[in-house]
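Q: Residue strings, one per chain:
Protein chains: 2
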Amino acid sequence: MTTPLEVTFELAPWRSALSRALHRNRAQPFCRFLQLATVRSDGSPANRTVVFRGFLESSNRLMFISDRRSEKIDQLHQEPQTPNRTPFNAEICWYFTKTREQFRISGQLSSIDASHSEVSLIAARQHLWQRISDSARLQFAWPHPKDVRTKDSNFEPSAPDSQMPPATFCMLLLTPLNVDYLSLSGEPQDRIIYSYQDADWTRQVVNP
Amino acid sequence: MTTPLEVTFELAPWRSALSRALHRNRAQPFCRFLQLATVRSDGSPANRTVVFRGFLESSNRLMFISDRRSEKIDQLHQEPQTPNRTPFNAEICWYFTKTREQFRISGQLSSIDASHSEVSLIAARQHLWQRISDSARLQFAWPHPKDVRTKDSNFEPSAPDSQMPPATFCMLLLTPLNVDYLSLSGEPQDRIIYSYQDADWTRQVVNP
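From first to last, the protein sequence lines are chains A and B.
In terms of this note's numbering, the numbers along the first sequence are unbroken and rise by one, the last being 308.
In terms of this note's numbering, the numbers along the second sequence are unbroken and rise by one, the last being 308.
Hint data in this document are derived by calculation from the structure and do not stem from the laboratory.
Any given hint might turn out to be false.
Put simply, identical chains are the same to the list, so a pair is met inside one copy or across any two.
Below 20 Å or equal to it, Euclidean Cα-Cα: the simulated DMTMM-like pairs (lysine to aspartate or glutamate) are [said to hold, decoys possible]: (1) Lys251 to Asp300; (2) Lys198 to Asp300; (3) Lys198 to Asp174; (4) Lys251 to Glu218; (5) Lys198 to Glu157; (6) Lys251 to Asp234; (7) Lys198 to Asp261; (8) Lys246 to Glu287; (9) Lys251 to Asp298; (10) Lys246 to Glu110; (11) Lys246 to Glu256; (12) Lys198 to Asp247; (13) Lys198 to Glu171; (14) Lys198 to Asp167; (15) Lys251 to Glu157; (16) Lys251 to Asp167; (17) Lys251 to Asp174; (18) Lys198 to Asp213; (19) Lys198 to Glu110; (20) Lys198 to Asp252; (21) Lys198 to Glu256; (22) Lys198 to Asp298; (23) Lys198 to Asp142; (24) Lys251 to Glu110; (25) Lys251 to Glu171; (26) Lys246 to Glu157; (27) Lys246 to Asp261.
This structure is a prediction, so every number in the text was calculated from the model and none was measured.
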């Protein structure tokens, strides 16, 4: 039964290639690890490994988690230094080692914490917190990241509540606007650019 | 015998950790693959996989290769949009899957082609060209990257000269200024920040 609120949702055309890559590389637990690039307030790039936490329900938005105290959250909240807003503030590079495929996905990255205005995203954040492991949850109670470590730094805090996320827990959402797919195993390599324009995805085969 | 021209060279303190990681992960050919982040002219981040080609002789500078026609070369040559020069224009993220170690190395990335003024770097570029595989060399004779691919696109050009690099071949050099090392296998994780300041490296253990 459909309700008036139900939104039509279409899988983006690159989703099937990504699903296939995840499936074919599933024997390697690190196949869900990828590199997330953002831009620092001084205009220099930052790049770190994050874990793919699935797609937000009924959307093409990728989920990650982050500590509110980490630098990447600052990088998202800062005002852009350039006069015009940049078209996107993040690009992930996701390389699958077994099948030798690369997905470069760029778009708008946003951070969802307890103060977010959309109730459905607050609920998604809470649901995500409940799904992660105990050890992943514990890290959000660790001392402040990147502070000087001392022998008094407490890395054995009491376990956080497994139902309600702490203030330090952020859900990151990447809304893809461009996907650059490369398969190194083709002869020659295969490369396809997907672009989101006018509420629709275009697909173009290009030279590798 | 030393000559007056011989420059004292010290291995940076993070080099031993990186060498050990490369050694311990050597069974995985992709352990030399890493992700290189730069900033586009519109201020948005770019991120792609590149292959580590060793260190420039008697230096701590990392070598990669790139096609002159690729976008990352444009990203290096453009003038910075921000009033002050950014401290660095690239950050690599290098994750070793077996030992679960991450090196984030940021610094100044430069591109060396045949027109470069330093003779020693021209020679290093030529030497690097001679060392790469035939199939890697062939890619520099392929049609223009990212142009629309047609059935007439010729991906079987005649093999380039194996001694003299073509104009499309660039050696990329990353001069590290900051290294953020993280080991996920520690209990808790180990994180060390190395910074290059006043012609010397500092080392600080920080919270993960």
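Q: Checking Lys251 and Asp298: alpha-carbon separation at most 20 Å within a copy, between copies, both or neither?
A: neither (55 Å within a copy, 29 Å between copies)
Q: Is it within, between, both or neither when you check Lys246 against Glu110 at 20 Å Cα-Cα?
A: Classified as neither: same-chain Cα gap 41 Å, cross-chain 27 Å, threshold 20 Å.
Q: Are the CA atoms of Lys251 and Asp300 at most 20 Å apart within a copy, between copies, both, or neither?
A: The answer is neither: 54 Å in one copy and 26 Å across copies each exceed 20 Å.
Q: Tell me, please, which holds for Lys198 and Asp247 at an alpha-carbon limit of 20 Å: within, between, both or neither?
A: neither (37 Å within a copy, 27 Å between copies)
Q: Checking Lys198 and Glu110: alpha-carbon separation at most 20 Å within a copy, between copies, both or neither?
A: neither (29 Å within a copy, 37 Å between copies)
Q: Checking Lys198 and Asp167: alpha-carbon separation at most 20 Å within a copy, between copies, both or neither?
A: neither (30 Å within a copy, 25 Å between copies)
Q: Given a CA cutoff of 20 Å, do Lys198 and Glu157 count as a within-copy pair, a between-copy pair, both, or neither?
A: neither (28 Å within a copy, 32 Å between copies)
Q: Up to 20 Å between alpha-carbons, please classify Lys251 paired with Glu157: within, between, both or neither.
A: neither (43 Å within a copy, 39 Å between copies)
Q: Indicate which option fits the pair Lys198, Asp252 if close means a Cα-Cα distance not exceeding 20 Å: within, between, both or neither.
A: Classified as neither; 43 Å inside a copy, 30 Å across copies.
Q: Have a look at Lys251 and Glu218 and pick one of within, between, both or neither, based on CA distance no larger than 20 Å.
A: Neither. Shortest intra-copy (41 Å) and inter-copy (48 Å) distances fail the 20 Å Cα cut-off.
Q: Between copies, within a copy, both or neither: which fits Lys251 and Glu171 at Cα up to 20 Å?
A: neither (24 Å within a copy, 46 Å between copies)
Q: Checking an output row: Lys198 and Glu256, CA cutoff 20 Å. Within, between, both or neither?
A: This pair counts as neither: shortest intra-copy Cα distance 37 Å, inter-copy 26 Å.
The structure fails hints 1, 2, 3, 4, 5, 6, 7, 9, 10, 12, 13, 14, 15, 16, 17, 18, 19, 20, 21, 22, 23, 24, 25, 26, 27 (numbered hints given earlier, in ascending order).
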